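2 protein chains.
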Amino acid sequence: MPPVSLSLDNLMADRVGASGLPTDFLAAEAASLRAAHAALHARVRSGELPFLTLHKETAALDRIRELVAAHRARFQDLVVLGIGGSSLGGRALLAALGGAGPRVHFPDNLDPDRFSALLASLDLERTVFNPISKSGGTLETLAQLLVVRDRLLPRFGPAGLAERLVVTTDPEKGFLRRLAKRDGLSALDVPPGVGGRFSVFTAVGLYPAGVGGVDLDAVLAGMAWAAELLESSDPAENPALAAAGALWALDSRHGRPVLATVAYADALRATAEWFAQLWAESLGKQGRGPTPVSAVGATDQHSQLQLWMEGPPNTVISFIEVDAFKTQLVIPPADLGDDPELAYMIGHDMGHILRTEKRGTEMALTAAGRPNLTWRLDRISGESLGALMLIWEAMTAYAGGLYGFDPFDQPGVEAGKIVAKRLLAGR
Amino acid sequence: MPPVSLSLDNLMADRVGASGLPTDFLAAEAASLRAAHAALHARVRSGELPFLTLHKETAALDRIRELVAAHRARFQDLVVLGIGGSSLGGRALLAALGGAGPRVHFPDNLDPDRFSALLASLDLERTVFNPISKSGGTLETLAQLLVVRDRLLPRFGPAGLAERLVVTTDPEKGFLRRLAKRDGLSALDVPPGVGGRFSVFTAVGLYPAGVGGVDLDAVLAGMAWAAELLESSDPAENPALAAAGALWALDSRHGRPVLATVAYADALRATAEWFAQLWAESLGKQGRGPTPVSAVGATDQHSQLQLWMEGPPNTVISFIEVDAFKTQLVIPPADLGDDPELAYMIGHDMGHILRTEKRGTEMALTAAGRPNLTWRLDRISGESLGALMLIWEAMTAYAGGLYGFDPFDQPGVEAGKIVAKRLLAGR
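Residue numbers (the working numbering), protein chains in the order written: chain A, 1 to 427; chain B, 1 to 427.
No lab work stands behind these hints, which were simulated from the structure alone.
Please read all numbers here as calculations on a predicted model, not as lab measurements.
Ideal placement from N, C-alpha and C gives every residue a C-beta, glycine not left out.
Hints are supplied without guarantee of correctness; some may be wrong.
Pair ranges (Cβ atoms, derived) [as the list claims (entries may be wrong)]:
1. G99(A) / E48(B): 50 to 56 Å
2. A39(B) / P2(A): 54 to 60 Å
3. A324(B) / E228(A): 50 to 56 Å
4. D409(A) / D123(B): 51 to 57 Å
5. P2(B) / L124(A): 39 to 45 Å
The list that follows gives simulated cross-link-like pairs (lysine-lysine, DSS-like), each with its CA atoms no further than 30 Å apart [to be verified]:
6. K421(A) / K173(A)
7. K417(A) / K417(B)
8. K326(B) / K173(B)
9. K326(A) / K326(B)
10. K326(A) / K181(B)
11. K326(B) / K181(B)
12. K173(B) / K421(A)
Over the 10 Å line for every Cβ pair with chain B, so calculated as not near, a few chain A residues [what the hints assert, rightly or not]:
13. E57
14. S186
15. G360
16. A368
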């Protein structure tokens, strides 16, 4: 079984009736999908968009591996100072795949209660801080860095400070790069053509993940496996292209702007949150675009399912299903076992029950005419996560082409920042 | 300053232009709002809907306080076996207000990897388990309970098992109540007229919160303060009624079904998640109703803000702002301070910066014609949380009246459960 596979069957009119896509949708749209594929991959081949080929950046990856090995041996805590695309990717990898070794923290927000509680809980002697900002000037990251620097410098001096800071930023420009040069800090690169939300396979995601015990080679192997699939302009071979086409059509032609990603595994909650940024920030433009919602099954069957079943017909459900969990946990028989409230579950493995709950929800949604699709992982592994995350990055980029947007900019986030900085500066 | 206050100014056409509500909206809708208020409060006064008067249930509250005191002294971990409305309220109170004492865990999902890792991490001798299910028959809760029972019974015997289980369920009916009677377990009640998502002020929310160090009297004082406001049928006096009317009109008349709750405090993330269930499950009905999204600021300025600023005009932003954090954390000057990337933040308290980021985002959204409202808390306390949660419960119930739905049922969640149980039973 491949690490990731996709089923779009329950999006089609023969399953969900009039609210679905025409059953020959992918064939009928072959030309527009091919065009979206060609446009993106031409920019990839020209070197303009390196996000699909980061697994081939051997020198950068070796530099990350080297720091990871040194810091796993030296430190017991890593604190990532980063927000948005500088936090969500590493956090997703760690939530799904983190192992033994240093703890990794992502305070991200400028919340004084949480940030001071975190700092108070650390042994600063054995903690490394990793400010991450592509521009090098992110407000939240620099504010946190100033607080941290103010605690480290008096205690450890300039050399001790430099030992405990690893900067991840643009290779040439910005405040963090200037600081790294001035103070002799370790520094890792965000390649110039890779935006924050497409940066999980750079040092932005890989350094924290590696320090936290994620097998980076497995993640990169999954990425490489997916990159092969993405070469094809045939949606039957390229799941990112098929899903992009279907979701774009369901939003723009069938009135379904909400995409609810429902992961049936607690470890994938953060992956769904990472995807929400990718989808929202890339495609929410020009008064159009889809709204992502992230959820976990079966938990959110007890929270959002009523809405998905009987609410407005504006939502597509994107399930993530895991074929095999690490742990077998059979529901044991009990002296209570003849109770009809219990009999049906006894003897089943908990992971099987969870998958069956997904299957029941999927069947009920389909019967109710609610379009849904399924991403299936063989197991939660570096291979499957690396593959899924690259496929979703490509899906987002293809969708940008279909909507006619630039998926790599975010012009709408500047206005609020400018007002906030002006207010803080007293102007 | 009151514990909670509401501003709807940025929903109005004089602020956001044509996408807003008429500036005299609340006055113009006074009759329909009064009718929704009268209909709900008649059911409250008849005793049919006790969720607004739970702070007066002295005997039930005393019973909770007694168990809380005993178990805080006796145990070091509490594991809540509950999902959806049996988990989200207690979790929200603890995330915002939890203090020293026993750790409280909410595994909720049937995830075998996470559940077995949790059990392996506990000292079972000093752990109490709290299965919570209003019906007494929730699949996930009973499956977890069977696993736990199978570990406790051989080790501690029937008496030791009974010491380590507290059941929260219907006072008369269902499997959990039968089990409690049969095995002499401690048991707490979910009052029959209170649905899961309206149960945070019963033992469902209060027992776990109390064990985890939340000041229950403060929460109940906040609830009582809010219950007074709710007596008024004048939307100028009753913020729940004003907000219900505005959000209902923005969805049903102005095409804004998405309600994004953005809490500018990490501690309130779980409160926004609790609200998402309340809003979705109560109002997603008959092919209509709103879609909740929960987010945290400033974090999600780096994730969803692009969509809210420039995406489709289908969203209302509901901010939660905290006037004063517990911790003062001033951004220190540094020898780097003349850098223009830093100068504007130095000397400001981190909480002030966070509030200013909210203010910048609010001003930018308003200028872009994007309707938004603000719930303002004086600080994060039992009083403000208790008040906010009761106001939101009432807001949801009033909105149900305005939509013409029964906000207290959830008919859409049964179909998938039935399929899953049938598949598990091999039928």
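We went through each hint and held it up to the structure:
1. One distance hint, 50 to 56 Å for the beta-carbon pair G99(A) and E48(B), holds here, with the actual separation near 53 Å.
2. The beta-carbon spacing between A39(B) and P2(A), approximately 55 Å, falls within the hinted interval of 54 to 60 Å.
3. Taken as a hint, the range 50 to 56 Å holds for the pair A324(B) and E228(A), whose Cβ atoms sit roughly 55 Å apart.
4. The given range of 51 to 57 Å is respected by D409(A) and D123(B), whose C-beta atoms sit roughly 52 Å from each other.
5. Taking 39 to 45 Å as the suggested C-beta distance range, the pair P2(B) and L124(A) conforms, at roughly 40 Å.
6. As the CA atoms of K421(A) and K173(A) are separated by approximately 21 Å, the hinted pair is consistent with the 30 Å bound.
7. A hinted pair counts as satisfied when its Cα atoms are at most 30 Å apart, and K417(A) with K417(B) does not qualify at roughly 46 Å.
8. Annotation: proposed proximity of K326(B) to K173(B) is violated, straight-line Cα distance about 44 Å (limit 30 Å).
9. For the proposed pair K326(A) and K326(B), the alpha carbon gap of about 41 Å is over 30 Å, so the pair is violated.
10. For the hint pairing K326(A) with K181(B), the CA-to-CA distance comes to about 37 Å; that exceeds 30 Å, so the pair is violated.
11. At most 30 Å may separate the alpha-carbon atoms for a hinted pair to count; K326(B) and K181(B) exceed this at roughly 44 Å.
12. Restraint check for K173(B) and K421(A): not satisfied, since their Cα atoms lie roughly 58 Å apart, outside the 30 Å limit.
13. For E57(A), the shortest C-beta to C-beta distance to chain B comes to about 25 Å, beyond the 10 Å cut-off, and the non-interface label holds.
14. Annotated as non-interface, S186(A) keeps its C-beta farther than 10 Å from every C-beta of chain B; the closest such distance is 18 Å.
15. The claim that G360(A) is not at the interface with chain B is violated, since a C-beta of that chain comes within 10 Å of its own (minimum 3 Å).
16. A cut-off of 10 Å between C-beta atoms contradicts the statement that A368(A) is not in contact with chain B; the least separation is 7 Å.
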